[in-house]
Amino acid sequence: MKDDTCFISGGCYDDKADNPLNGCLYCDSDESISDWQTHVNKTECLSEKDAVSGAVIAAAVIVPILVLGGIGAGILIYKKMQTKKIMDARYGNLSSSEMIYYVSI
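Residues in the sequence shown are numbered consecutively from 1, following UniProt numbering.
Calculated directly from the structure, the hints in this document are not laboratory data.
Be aware that a few hints might be false.
Derived lysine to aspartate or glutamate pairs resembling EDC-like cross-links, with alpha carbons at most 20 angstroms apart [to be verified]:
#, residue 1, residue 2
1, Lys42, Glu31
2, Lys2, Asp15
3, Lys42, Asp15
4, Lys2, Asp18
5, Lys42, Asp18
6, Lys2, Asp28
7, Lys2, Asp14
8, Lys16, Asp30
Whenever a hint applies, use it, and build me the whole structure from the sequences.
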C-alpha cells in the first residue's frame with residue numbers, strides 16, 4: 001500500500017479524500033489508515049450534540065436578559081402605582097384637569 005493512503009472497507013483512498021458516501025468523513029492517514037475521520041471544520045458535519053450546545057448557550061444569554069427586563073418593567077410599574085396611590089391619598093379621585101388646577105394654586 002502507498003504512503004498517504006487509507007484502505008477502508010475494501011477501498012483505497014488518497015490522504016484527505018472525502019468518503020464518497022458521506023462528505024463529513026475523510027481519509028487521514030496520519031490518524032488511521034483503516035477508519036474514516038470526521039471533518040470538524042465543516043458546519044454541516046457538526047453533530048446534533050454540538051447544535052444543541054449552541055442552543056443552550058443562546059438560551060443562557062437570552063433568558064437572563066429577559067428576566068432582568070421583566071424585573072425592570074415590574075419595578076417601573078410598581079413605582080407608578082405607588083405614585084398614583086400617593087396622589088390619590090393627597091388629592092382624592094380628582095380628574096387630571098382638576099388636579100392640575102389644585103396643584104397650581
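Now for the hints, and whether the structure bears them out:
| no. | hint | in the structure |
| --- | --- | --- |
| 1 | Lys42 with Glu31 | holds (18 angstroms) |
| 2 | Lys2 with Asp15 | holds (10 angstroms) |
| 3 | Lys42 with Asp15 | holds (18 angstroms) |
| 4 | Lys2 with Asp18 | holds (18 angstroms) |
| 5 | Lys42 with Asp18 | holds (12 angstroms) |
| 6 | Lys2 with Asp28 | holds (13 angstroms) |
| 7 | Lys2 with Asp14 | holds (9 angstroms) |
| 8 | Lys16 with Asp30 | holds (10 angstroms) |
Checked against the numbered hints above, the structure violates none of them.
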